[in-house]
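K.L.:
The residues making up each chain are set out below.
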Amino acid sequence: MAFVQDAPKDSFRLGMLIYDTRYRSITIQVVVLILFLLFLSWLVNNTAQNLAAKGRTFDFGFLWMRAGYDINQRLVDYTNDSTHMRAAFIGLLNTLLAAFVGCIIATILGVVIGVLRLSKNWIVSRLMTVYVEIFRNVPVLLWILLAATILSETTPQPRDFRQTPEMEQAGEEPKASMLFGIIAVTNRGTVIPEPKFCIGKPQAECDADPNEGGLGVIDLGIFKVSLNLLALLVVFGGSIFVNSRITKQANATQEATGIRPVTWWKSLAVLIIPSAILLWALGLHFVVPELKGFNFVGGISVLHSFTALTLALALYTAAFIAEIVRAGIMAISRGQSEAAAALGLRPGRTMSLVILPQALRVIIPPLISQYLNLTKNTSLAIAVSYMDLRGTLGGITLNQTGKELECMLLMMGIYLTISLIISALMNLFNRAVKLKER
Amino acid sequence: MTEFTPFVRKDMLEPRDPPGNQQGPIAWARENLFSGPMNTVLTLLGILAVGWLALHIIPWLMHSVWNANSLSECRAIIAQTWGPDATGACWAMVRERWHQYVFGFYPMDLYWRPTLAFLLMLVAIAPVLYQSLPRKMMWFTALYPFICYWLLWGGTLWAPIVVLAGFGLFALAFRFAAPKLGVPVSAGLGLLAAAVWWLFVQTPLSTALNGIIPLSIRDVDSDQFGGFLLSIVIGITAISASLPMGILLALGRKSDMLLVKSLSVMFIEFIRGVPLITLLFTASLLLQYFLPPGSNFDIILRVIILVTLFAAAYIAEVIRGGLAALPRGQYEAADALGLDYWQAQRLIIMPQALKISIPGIVSSFIGLFKDTTLVAFVGLMDPLKGITAVVRADINWKGIYWEPYIFAGTIFFLICFGMSRYSMWLERKLKTDHR
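Those protein sequence lines, which keep their order, are chains A and B. The first sequence begins at 2 in my numbering and counts up by one. The second sequence begins at 1196 in my numbering and counts up by one.
Chain A extracted, bound-state conformation:
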């Protein structure tokens, strides 16, 4: 006689919390949670005790006090009467400026080097390999220090640009001369021409005015916005919009008739002429730096600390980007370019229509992390005393107020936010170019 017996129903035993895989994960998580909370309360408790022992409080009120120090590079208004908050904001802008310029230079250099490394030309590809290996395998700090040292020790003093009457009589040239006659590289910094706007006034009058001229600026409270730049952006944005309509129309004609109308001259005209007219109407001209007394007057002075930091970071990151670009192009199988050739596409079109769109998908994710690395590496500004976020908030403000905990936490929070924003933006872009799979 056969009978069916149910599996014995286990009553819950305490040991099952450890041995039974159904409950074990819950047990482990509870233990982890308890340990984590204990650790956290230990940290907070220690911090509170230490703060009390030093007679300090944890508050961010110091941010609204007078900073009292000068910053040598400011993109927006700042005096030593401004608050610590304002100083931190200036530092943040300086960090972002170095990161932005560095990323652009690094991308251009990196793409060129990566493509040239794949070239069949023996000499060029070897040279690029040497570049990549040298820059990748040496700390970036060395490049920053070397760039800063070379810029400050080998460049001439401003007075070397002077041609004294005696030298003129003797027919001697001054010891140093300006690059292309407009850029002066001195040991105090690089002086480049400054764009100025002028409407309805003689040019000399505008140049004497420290303001930008033209349409002027509007004050947003936190910073001022140049109306000239805004107008230019609006006009150029309009041009791009019109250009996209022209291209769309050309595509429609091509779809309908099979013949693509010639549009390049229309695009060129639409993109350039309105902006050029606007700039002419605003009276754009460049003030070339001039040697007066012991230093150059007029023009924008770019600090060597900024140049050294940005250039070194760009050269270093370019080596990594070059490798990413090379790997991305090599990841596209030969069949793709052969198929493109079989369809009758010329090499240039094969590159732009077939290889690059596919290679971009491979290239973009690691490229994002290189941009992030470059942005984080701008904190090495400390090596050349560039006043970035760490130099202001994490440097002078920290030392003046003694608020180590608050300054460091705030600074880490800001860097974390920048990183998260960059990676979020780039992930959006990545999603846009990603392979659309069904």
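Please keep in mind that the hints were generated in silico from the structure rather than gathered at the bench. Check before you lean on any hint, since a few could be wrong.
Pairs of lysine-lysine, DSS-like flavour, derived with a Cα cap of 25 Å [to be verified]: (1) A:LYS176 to A:LYS293; (2) B:LYS1593 to A:LYS176; (3) A:LYS267 to A:LYS249; (4) B:LYS1593 to B:LYS1331; (5) B:LYS1626 to A:LYS435; (6) B:LYS1593 to B:LYS1449.
To list a few chain B residues with every Cβ distance to chain A over 12 Å, as calculated [unchecked claim]: (7) ILE1356; (8) VAL1358; (9) ALA1360; (10) SER1417; (11) LEU1438; (12) GLY1604.
Idealized CB from N, CA, C, for every residue including glycine.
With the hints as your guide, set chain B onto chain A.
P.N.:
Frame of chain A; chain B shown alone:
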């Protein structure tokens, strides 16, 4: 009829050489260097660049001075020998200051200790790098950190021995508990036992033992460390500590347990989102707030801990990539064989995932080693900024800049380039697919 004899060739003619422009260096140059106008321009530019560099570097190297006491003396010798306009390298600086670049301010009469530690390190990492060496050498590798610590910092030999005993305690507890309680619980128990040992037993015991049998060598302070000694100590310690930590973090991030997963993600993303410098400043400024009042430990150790955490987060991401690249079938097959989680990880998953992530792991290591130069900003004497600043502050060597940077840069280059070549070799050796 006349007999018609057709012409039949009996023997083959020797093949003629291809025309001169189809072979040899000329053809190679035509094909590779001058195949089109664009290529020709690039070639010429390349030759120009190489020529320009050679024109500047070769005379500079040829005019090197190795024996001098100051930069001005160097320049005088060069001007005297090669004419007033000649430029030359002044390697005399390296000759006079190499010991600072290598050892920092380590006491001169004790140089044998870091040297011996370095040689022993080569022995210790050899079995890790080359699988063909006898496996028994791994025992020495396991002991090496303690020997190295004792050699470098000095003090009593009992301290590392007692610390080692703590690890022994951990292993013992783990060994007995593991079959009954499973890996996580027994690891926790072992850790608890070892922690109690280290916190409460270690210091009194080692002091007592040293009182009975004194086995001491001279103490060396952390602030006397510097140069490549410091870089290598921080680099090697952080490299060997960050790999296991990175593996654990990667497993945590892939875990099914929500809490473990979110804690790992938070840790990894936080560390990867902030620059290393802020973490180093945390080590030098903030740890005094986070630790119990009155506790103050060595700055090198603090820096090593923060650098390790930093590297571990990056390695965790690399290994996560390797784990994601494994086909699901591998996990399922391991489950089907009845392996538990840790067995599956140890025997099936990790060997494959680590193999996939070798290039990423090694480039993280290279980055870590390069980043050891950043410790200069918390007051340690790294070879690039710390020692070079000391040398350049000397009145004799004021104004020297190419030579120190080239010297330190070359050593960094050799080490990092060596690491990347090793990883390529290892990758080729472990490659098992597409045979």
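K.L.:
All the hints need checking, so say for each whether the structure fits it.
P.N.:
These are the hints, each one checked on the structure:
1. A:LYS176 to A:LYS293: Holds, at about 16 Å.
2. B:LYS1593 to A:LYS176: Holds: LYS1593 of chain B and LYS176 of chain A sit about 24 Å apart, inside 25 Å.
3. A:LYS267 to A:LYS249: 13 Å, holds
4. B:LYS1593 to B:LYS1331: Not OK: LYS1593 of chain B and LYS1331 of chain B at ~52 Å, beyond 25 Å, violated.
5. B:LYS1626 to A:LYS435: Not satisfied, since the Cα-Cα distance of roughly 30 Å exceeds 25 Å.
6. B:LYS1593 to B:LYS1449: Not OK: LYS1593 of chain B and LYS1449 of chain B at ~54 Å, beyond 25 Å, violated.
7. ILE1356: Given a closest Cβ separation of 30 Å, the condition holds.
8. VAL1358: The assertion about VAL1358 of chain B holds, with a minimum of 23 Å to chain A.
9. ALA1360: Correct as stated: the minimum Cβ-Cβ distance to chain A is 25 Å, above 12 Å.
10. SER1417: Given that every Cβ of chain A is farther than 12 Å from that of SER1417 of chain B, nearest at about 21 Å, it holds.
11. LEU1438: Given that every Cβ of chain A is farther than 12 Å from that of LEU1438 of chain B, nearest at about 20 Å, it holds.
12. GLY1604: Label violated. Min Cβ-Cβ 5 Å, cutoff 12 Å.
In the structure shown, a violation is registered for the earlier hints numbered 4, 5, 6 and 12, in ascending order.
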